[in-house]
Amino acid sequence: MDWTWFHKFGSPPHVYRLAGVLTPWFAWPAVAAILAGLYGGLVLAPPDYQQGDGFRIIYVHAPSAWLSVMIYATMAAAAFVGLVWRMKVAHAVAASCAGIGAWFTAVSLVTGMLWGKPMWGTYWVWDPRLTAQLILLLLFFGYMALRAGIDDLGRADRASAVLAVVGLVNVPIIRFSVDWWNSIHQAPSVMKLGRPTMPMDMLVPLLLMLLGFTLYFAAVLMVRLRAEVLRRERNASWLKEAVL
Amino acid sequence: MSEFLAMGGYAQFLWPAYALALLALVVNVVVARRALQAARAEVARRLAMQDGAGE
Numbered sequence: 001m002d003w004t005w006f007h008k009f010g011s012p013p014h015v016y017r018l019a020g021v022l023t024p025w026f027a028w029p030a031v032a033a034i035l036a037g038l039y040g041g042l043v044l045a046p047p048d049y050q051q052g053d054g055f056r057i058i059y060v061h062a063p064s065a066w067l068s069v070m071i072y073a074t075m076a077a078a079a080f081v082g083l084v085w086r087m088k089v090a091h092a093v094a095a096s097c098a099g100i101g102a103w104f105t106a107v108s109l110v111t112g113m114l115w116g117k118p119m120w121g122t123y124w125v126w127d128p129r130l131t132a133q134l135i136l137l138l139l140f141f142g143y144m145a146l147r148a149g150i151d152d153l154g155r156a157d158r159a160s161a162v163l164a165v166v167g168l169v170n171v172p173i174i175r176f177s178v179d180w181w182n183s184i185h186q187a188p189s190v191m192k193l194g195r196p197t198m199p200m201d202m203l204v205p206l207l208l209m210l211l212g213f214t215l216y217f218a219a220v221l222m223v224r225l226r227a228e229v230l231r232r233e234r235n236a237s238w239l240k241e242a243v244l
Numbered sequence: 001m002s003e004f005l006a007m008g009g010y011a012q013f014l015w016p017a018y019a020l021a022l023l024a025l026v027v028n029v030v031v032a033r034r035a036l037q038a039a040r041a042e043v044a045r046r047l048a049m050q051d052g053a054g055e
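Protein sequences appear in the order of chains A and B.
Take the first sequence: its letter number 198 is residue 198 in this note's numbering, and every next letter is one higher.
Take the second sequence: its letter number 41 is residue 41 in this note's numbering, and every next letter is one higher.
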């Protein structure tokens, strides 16, 4: 097997250039998908027969919640690669994920509270899904605090990577919390028994928002990764052409 | 238009949710771009110092 691609991904100048090339290819489709999803979700989709127009919070809540878990999984996977194969670029990816992930975890929690108040009658309950999502936010904060608290970069990378990988146990808990326990939170309603449970004019905007948020994350991650790679390369010869 | 903004009585919950999501989308772009600009400026500054010391 040809492993040159793997080594290429470990090479900071290659990653710096590649991330720069990829950024607009993620960013513009993200803008298009989010704008189309917003129009579809706020204007075209019919009101829900139970929740009226209140259900439209789903178009920002579900993509944020999806992103929070997806970013954590990305961070933990990158941290794992960094730990096992001692790949510095992988640690840079993990470090770049944390801040974005914390933001969208917070957004998913607050938009969920704003949805819960009119539908459940309360902003917050210590429900399994909600509690697991709050723990996810604390994991992101813990990861960032740990990194900030260790001066030596290599040690910060390794210690925070262990935390990220151990915290991965929370991801299936978030995913299955609504099945394992009696949760007030509804079960996933995009697909059930292989069929969509929503009419198409509600579902398509949701899928567009999920796609748009995912591409958005990829674009922002590329920019952050370039910054992180530059910060880690103190005296490399390629830096001269990179910043010109 | 005012009917659209009223969102069937859910405006007070729905618009703050959308505003927060929009804020997160904007802030993360701004933060990432600033971080890249700062990192590039730092590299440029260090390279200039090295060039100055080498001559």
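Hint data in this document are derived by calculation from the structure and do not stem from the laboratory.
Incorrect hints may appear among the rest.
In silico contact screen, one side only, chain A against chain B (beta carbon under 8 Å); selected entries [to be verified]:
#1 Leu18
#2 Phe104
#3 Trp115
#4 Ile184
#5 Lys240
We treat Cβ as the ideally placed atom computed from N, Cα and C, and that holds for glycine.
Given hint Ile184 of chain A near chain B, where the shortest CB pair must fall under 8 Å: At 17 Å from the nearest chain B Cβ, Ile184 of chain A fails the 8 Å test, so the hint is violated.
Chain B contact restraint for Phe104 of chain A - C-beta distance below 8 Å: 6 Å, holds
Per-residue hint verdict: Trp115 of chain A, partner chain B, C-beta under 8 Å: 7 Å, holds
Hint check: 8 Å Cβ-Cβ cutoff, Leu18 of chain A to chain B: Hint on Leu18 of chain A: violated, closest Cβ of chain B at ~15 Å, above 8 Å.
When the least beta-carbon distance from Lys240 of chain A to chain B is tested against 8 Å, hint result: 6 Å, holds
Checked against the numbered hints above, the structure violates hints 1, 4; every other hint is satisfied.
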